[in-house]
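A.B. asks: Going down the list, the sequences are from chains A and B.
Residue numbers for the first sequence follow this note's numbering, beginning at 242 and rising by one.
Residue numbers for the second sequence follow this note's numbering, beginning at 370 and rising by one.
Derived by calculation from the structure, the hints in this document are not laboratory data.
Heads up, some of the hints might be wrong.
[Stated by the list, open to error] Taking lysine-lysine pairs in the DSBU-like style, the calculated list, with each CA pair at most 35 angstroms apart, reads:
id, chain 1, residue 1, chain 2, residue 2
1, B, 734, A, 326
2, B, 750, A, 350
3, B, 504, B, 535
4, B, 793, A, 360
5, B, 512, A, 268
6, A, 247, A, 307
7, B, 750, B, 622
8, A, 243, B, 445
9, A, 243, B, 505
10, B, 793, A, 264
11, A, 307, A, 350
12, B, 734, A, 243
13, B, 649, A, 243
14, A, 307, B, 512
15, B, 459, B, 504
Take a look at the letters that make up each chain.
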Amino acid sequence: MKVDDKYFDEIFDFAGQWDMPSKCGLKIIKKEDVTVIITTELYQDNPGTSITYAGGSLIRQICDAKGLDPLHIIYVECNPNTNSKLSFYDEELFRVDFRLEDGTPTDLKYTQLSQDEIKNLL
Amino acid sequence: MKRDPDTIKLKLIYPKWKKLPGQTTFNLPPHGPVVYAATLPEYVEVSFTDENVEELNFDEPCDLVAISMMLSTQVKRGWAIADEYRRRGKQVMFGGISTMLHAEETLLHADCVTLGEAEGRQEQIFDDWRKGQLKKVYNFMGKQPPIELVGPARRDLYKRELYNHKGVQMVDLFHASRGCRFSCYPCAVSYLGGRCFRPRPIEKAIEELETIDNNRLFIVDNSLAQDTQWEMDLFREMIPLKKKWISHTIEDKPEVLDLAAQAGAWYVYQAVYDTSDYIKERVKRYHDYGIGVEGTILLGLDNQTEDDILRLIDFLLKIDLDLAEFTVLAPFPHTKAYDDLMRQGRIFDHDWDHYNAGQVVYQPKHMSPERLQELYEYAWKSFYHDETQEEKMFKLFTNVVLREMEDGTYRPRDRKLANKTFGKTVDRTASKTNLF
Numbered sequence: 242m243k244v245d246d247k248y249f250d251e252i253f254d255f256a257g258q259w260d261m262p263s264k265c266g267l268k269i270i271k272k273e274d275v276t277v278i279i280t281t282e283l284y285q286d287n288p289g290t291s292i293t294y295a296g297g298s299l300i301r302q303i304c305d306a307k308g309l310d311p312l313h314i315i316y317v318e319c320n321p322n323t324n325s326k327l328s329f330y331d332e333e334l335f336r337v338d339f340r341l342e343d344g345t346p347t348d349l350k351y352t353q354l355s356q357d358e359i360k361n362l363l
Numbered sequence: 370m371k372r373d374p375d376t377i378k379l380k381l382i383y384p385k386w387k388k389l390p391g392q393t394t395f396n397l398p399p400h401g402p403v404v405y406a407a408t409l410p411e412y413v414e415v416s417f418t419d420e421n422v423e424e425l426n427f428d429e430p431c432d433l434v435a436i437s438m439m440l441s442t443q444v445k446r447g448w449a450i451a452d453e454y455r456r457r458g459k460q461v462m463f464g465g466i467s468t469m470l471h472a473e474e475t476l477l478h479a480d481c482v483t484l485g486e487a488e489g490r491q492e493q494i495f496d497d498w499r500k501g502q503l504k505k506v507y508n509f510m511g512k513q514p515p516i517e518l519v520g521p522a523r524r525d526l527y528k529r530e531l532y533n534h535k536g537v538q539m540v541d542l543f544h545a546s547r548g549c550r551f552s553c554y555p556c557a558v559s560y561l562g563g564r565c566f567r568p569r570p571i572e573k574a575i576e577e578l579e580t581i582d583n584n585r586l587f588i589v590d591n592s593l594a595q596d597t598q599w600e601m602d603l604f605r606e607m608i609p610l611k612k613k614w615i616s617h618t619i620e621d622k623p624e625v626l627d628l629a630a631q632a633g634a635w636y637v638y639q640a641v642y643d644t645s646d647y648i649k650e651r652v653k654r655y656h657d658y659g660i661g662v663e664g665t666i667l668l669g670l671d672n673q674t675e676d677d678i679l680r681l682i683d684f685l686l687k688i689d690l691d692l693a694e695f696t697v698l699a700p701f702p703h704t705k706a707y708d709d710l711m712r713q714g715r716i717f718d719h720d721w722d723h724y725n726a727g728q729v730v731y732q733p734k735h736m737s738p739e740r741l742q743e744l745y746e747y748a749w750k751s752f753y754h755d756e757t758q759e760e761k762m763f764k765l766f767t768n769v770v771l772r773e774m775e776d777g778t779y780r781p782r783d784r785k786l787a788n789k790t791f792g793k794t795v796d797r798t799a800s801k802t803n804l805f
């Protein structure tokens, strides 16, 4: 299952559930007033927790590592295209909104992005 | 008799769960608890209770309690058992697959939760317990022990007569590998056992197979079809043992299927996910080698409309399956199915007792939950309309008996247990067919 790499520039190592060593694709786009973070699920190349299950903890880890303020980011999760025959593995991107609780994003809400919305973000 | 002060008496429990209505229930001897028991230090004396076949006696003396759980539908019962023991002042440890999937909630009912594989870790845990320093969590996730350390499982702990149906001994469970390199949509195995396939050394697997006092096995590995050379070597070495076995998918290559048949492949679980000629031919190829096929059919995926499901059910009746098992999608934690449905806010039932793959707990994409539930029930009824599940199973059973008679491994029924089913006296009026 080959993951399409069009939404990432680097592999980000993070501590998953129960500190499981985990990996995701990461792209950071700095805009004038906001920073867009896109994480990509790597499936077989991620030995640990999925980006969705890691959720708020992953957002905090990326912000800590990259010196970003979680209050000034747009966070997007990408399920990449894998060229699978099964539609569950088609490309989908979700904007994730959240509130902060003790510095950790919580109460995550997912909104699927259209192709136009993805273009605008990039 | 005076008790050795160094001995720790461990009560090991496998909690019961509610079986799906309308389906033939066979209680197989559970694998996880006896694999765990094999990892315990010699000074640990184990008393094992599988609650599915016998009552748990909370008054049985013990120093410590361990609860091993495999299914999500077991966890609430496991927690209730732990609560009762802790009320009585006993410390309770948890481990196993569903402990790992539901670890955070399980912690609320536990003195200790062990995550990850047990081999090579137990001395440390029991030392800590002796010192009164048992940790709340022993986290071995992602740190798999050397695969050579695995087995043989402690099958001596089974009360064999409880895994017997009218004199016929149930299959024994066995595993030849851990981990999985596939990321299947509804499956959590890659989270639990890692995304690397870790085959056991052939000689270790064979050594364990030789110790099993049962000619009929279920090889429970998710997929043996992950390393062709190893798979063929395993089958080749199994031939002299003359075991007969059930497994999941076998690699679709003539040389592999031929060796599997020689090694005693009885029938396989084969996923049937569409109505293609490929599936039809796949089933036929198994049959060409004398291997039976139980189709496993997962209903409720996002790419299935009502018409697709109805077409699939019709298709199953035409492809000469020996058995079929229908399930509805259950979004277990740490699966892609869970991630997708959770993101979309489609999971409406979070009661783990309902995660039995027979009850709809989420909003399907193309129909109502009630309609999917109806289609699931319709699928069972349609497939077994002309020939019951018990009749079809009896045919498969006859096949294996004939093969055993040919190679001299057949063991007649145990007549002493002819009137017992899983430890209970048979109700001869309950079944119309009564084939077994």
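A.B. asks: Does each hint fit the structure? Answer for all of them.
C.D. replies: Evaluation of the provided hints:
1. B:734 x A:326: holds (18 angstroms)
2. B:750 x A:350: Since the Cα atoms of residue 750 of chain B and residue 350 of chain A sit roughly 40 angstroms apart, the hinted pair is violated (cutoff 35 angstroms).
3. B:504 x B:535: violated (45 angstroms)
4. B:793 x A:360: violated (66 angstroms)
5. B:512 x A:268: holds (29 angstroms)
6. A:247 x A:307: With a Cα-Cα distance of about 21 angstroms, the restraint between residue 247 of chain A and residue 307 of chain A holds, given a limit of 35 angstroms.
7. B:750 x B:622: holds (34 angstroms)
8. A:243 x B:445: violated (38 angstroms)
9. A:243 x B:505: violated (39 angstroms)
10. B:793 x A:264: violated (51 angstroms)
11. A:307 x A:350: holds (23 angstroms)
12. B:734 x A:243: holds (26 angstroms)
13. B:649 x A:243: Satisfied, since the Cα-Cα distance of roughly 28 angstroms is no more than 35 angstroms.
14. A:307 x B:512: Within the cut-off at roughly 28 angstroms; holds.
15. B:459 x B:504: holds (15 angstroms)
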